[in-house]
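Quick mapping for you: the protein sequence lines, in order, are chains W and U. According to our numbering, the stretch in the first sequence is residues 1 to 154, in order. According to our numbering, the stretch in the second sequence is residues 1 to 105, in order.
In short, the hints are calculated from the structure, not lab data. Only a predicted model underlies this, so the values are computations on that prediction, with no experimental measurement involved.
Result set (PhoX-like, lysine-lysine): computed pairs, CA atoms no more than 25 Å apart in a straight line:
{"id": "1", "chain 1": "U", "residue 1": "LYS6", "chain 2": "U", "residue 2": "LYS47"}
{"id": "2", "chain 1": "W", "residue 1": "LYS106", "chain 2": "U", "residue 2": "LYS44"}
{"id": "3", "chain 1": "W", "residue 1": "LYS4", "chain 2": "U", "residue 2": "LYS33"}
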Amino acid sequence: MKNKSQFVYVTYISSSAEKVWNALMDPEMTRKYWAHLNVSDWKVGSPWKHEDSSTGETHLVGKVVESTPPRRLVITWASPADAQNQEKHTRVTFEIESSGKATRLKVIHDELEPGSEMERGITRGWPVVLSNLKTLVETGHAMETKELFAFSKK
Amino acid sequence: MDRVFKALADPNRRKLLDLLRVDNGQVLGDLSKHLDMSRQAATKHLKLLEAANLVVTVWRGREKLHYLNPVPIHEIYERWIGKFERSRLRALYDLKEELEKDHEK
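Pulled out of the complex, with its shape left as it was, chain W reads as follows (with noise of 0.2 Å):
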């Protein structure tokens, strides 16, 4: 077994799976959840980016590995410092089902480093991007993603 560490996360959403999709896609979208756009063609092999919606900066990168709309997406994940390093590229993987009336979100990010700050970072970060996306998605509105956000900034 590798050396590596996995997180899996996931929540439920009275939604389609289309606008689950969606929503993880559509930087107007991820704006509003995340205070970043997801940046992207989506087809497979191409780069994404993930660009905080105030100042413009990119925070991660990465690259598409696989798309089946509107079930899986499998991309790459790592800081920009470490675009070149594949060593340090994380991989997440989204999977949505549906399940009763409601649509099944389930995040596994895996391949990271024990440890590490990005380690660190997506396990604050995650639980608290799903609440939102749950809530913009259900509702329309999404929280205040300034004071959500504010540890990513330490």
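Position chain U relative to chain W; hints supplied.
Okay, now just chain U, sitting in the frame of chain W:
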């Protein structure tokens, strides 16, 4: 939300979550080593935690790995904690941690 509170209202189930927090992605066998109960009882507790979405499982080959999913707990936090209270609560929590650490020495 009822299911989350019911699942949390048991010391054994909280212990299971603590174990996963320290070492995420464990199989049933590893988890039950730390608990004073049968495998069957541990399975039952894990099922309740899974139904409350506090534990998520992933298959790796023939192994079923259990992960702590803190998203429902975060939803509780969002519901009752106002946005202006957050930094003050954080500061209070850090202070408590710091003082209690010294106290143990």
